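A.B. asks: So the chains spell out like this:
Number of protein chains: 2
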Amino acid sequence: MKLPGKTVERLSEYRRTLLGCLEEKKNFIFSHELAARLHITAVQVRRDLMLIGYSSVLRKGYDVRELIETIGTIIDSEVTLNVTIIGIGNLGRAVAGYFRGKRSKLCLVASFDTDPHKVNKVISGVRCYPAPEMENIIRELDIRIAIITAPADSAREIAAEAVRCGIKGIMNFTTISLVVPSWVYLEEYDMITSIEKVAYFVKENKI
Amino acid sequence: MKLPGKTVERLSEYRRTLLGCLEEKKNFIFSHELAARLHITAVQVRRDLMLIGYSSVLRKGYDVRELIETIGTIIDSEVTLNVTIIGIGNLGRAVAGYFRGKRSKLCLVASFDTDPHKVNKVISGVRCYPAPEMENIIRELDIRIAIITAPADSAREIAAEAVRCGIKGIMNFTTISLVVPSWVYLEEYDMITSIEKVAYFVKENKI
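Sequences listed follow chains A and B, in order. First residue of the first sequence? That's 1 in our numbering, and the numbers climb one at a time after it. First residue of the second sequence? That's 1 in our numbering, and the numbers climb one at a time after it.
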């Protein structure tokens with residue numbers, strides 16, 4: 001069963017929130033509590049968990065550890081998926097920081113850059129390779145996912161090259177929309193869109 | 001008329017794409033071309049533009065400059081909105097980079113940090129103030145929007161302080177979900193959710 005993208009997003013958010021609960025030593029949570037933390041409805045939470053076959057709600061709520069594990073069996077790969085960051089500037093380094101010790105089934109194994117001051121160094125915990133070596137390294141390290149954090153004007157070229165090298169999923173953080181073949185999964189995020197949305201509602205609220 | 005959030009997001013994306021067209025010296029665009037660049041349908045594009053009262057489609061498509069201007073009158077504030085970035089690490093610097101010379105109605109006027117090596121310096125084109133001065137600076141510079149790029153464990157405290165200082169809109173890039181009063185607009189983005197979504201579809205496509 002392939003889940004809708006929005007459901008996968010919410011499952012990922014549930015897990016993140018549940019991991020936060022563990023840090024707070026909170027071992028049980030009700031659907032309405034989980035919902036409130038994510039600004040959605042309890043009905044939505046229950047529907048999503050039903051969809052992945054999770055129904056063991058106790059009197060004191062869901063068992064946080066068990067639910068984290070169940071979500072993992074659904075959204076994580078059984079084998080580790082290797083990831084690369086292309087463009088290790090400020091944004092690339094920020095993304096690299098999120099990987100450290102956090103997602104056991106996603107492994108950041110390489111970054112690429114064209115800057116001679118960066119290549120062949122370990123930056124934010126991951127080795128940076130020269131961009132022209134992309135093909136060799138992607139195949140050698142069996143990298144499946146590319147996160148593009150390079151300057152916008154190089155994004156199309158980089159994506160085409162990544163696809164040619166066998167990348168199967170692309171996360172595009174540049175401000176340019178990409179086009180990829182149907183067998184490659186593409187997700188795009190442009191932070192300016194989110195910031196403009198905030199500005200719009202601040203303006204409309206006349207506050 | 002207050003537009004739905006998703007419509008505002010798309011209008012922002014249309015503008016970004018149209019600005020890209022100008023750089024390519026493309027002065028006219030059909031709805032289906034704009035739609036294709038954003039992986040949505042032409043019907044969606046036409047519906048959104050109808051909603052904002054734009055209907056002047058010519059034989060050769062929409063006039064790119066005119067459409068950029070129309071979108072601006074809808075989503076931009078008439079007066080400049082001042083913005084701050086709280087936490088000027090890698091992610092904060094990446095966000096600051098996006099502002100430079102790009103959004104005339106959004107002005108990045110200050111950043112805040114607790115690191116003594118950063119405060120009272122200009123970082124990524126914006127002056128970094130010590131976090132304890134937040135209240136004074138936010139009021140003095142009339143800052144309305146705060147972008148939180150600080151470490152997750154300080155996000156709740158920072159948001160509470162920002163709200164107390166009169167911030168009306170928050171863009172939260174940390175991995176912690178926030179709760180804000182009803183008069184503050186909150187938008188949240190966690191990059192790990194997007195990356196986990198890519199991983200899920202790579203896994204499910206068995207590629």
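Derived by calculation from the structure, the hints in this document are not laboratory data. Accuracy of the hints is not assured; some may be wrong.
Treat identical chains as interchangeable: a pair holds within one or across any two.
Calculated lysine to any residue pairs in the SDA-like style (CA-CA distance at most 25 Å, straight line) [stated by the list, open to error]:
| # | residue 1 | residue 2 |
| --- | --- | --- |
| 1 | K6 | Y189 |
| 2 | K26 | L58 |
| 3 | K121 | D76 |
| 4 | K118 | C21 |
| 5 | K25 | D190 |
| 6 | K25 | S154 |
| 7 | K6 | D76 |
| 8 | K60 | A36 |
Model, not experiment: these values are computed from the prediction.
A.B. asks: With reference to the structure, classify each hint as holding or not holding.
C.D. replies: The hints, checked one at a time:
1. K6 - Y189: both (14 Å within a copy, 14 Å between copies)
2. K26 - L58: within (15 Å within a copy, 60 Å between copies)
3. K121 - D76: neither (30 Å within a copy, 42 Å between copies)
4. K118 - C21: neither (38 Å within a copy, 32 Å between copies)
5. K25 - D190: For K25 and D190, only the inter-copy Cα distance (23 Å) is at most 25 Å; the intra-copy one is 35 Å.
6. K25 - S154: between (45 Å within a copy, 18 Å between copies)
7. K6 - D76: Within. Shortest intra-copy distance 16 Å satisfies the 25 Å Cα cut-off; inter-copy 28 Å does not.
8. K60 - A36: Cα proximity of K60 and A36: one copy only (17 Å, versus 49 Å across).
Of the numbered hints stated above, those contradicted by the structure are hints 3 and 4, listed in ascending order.
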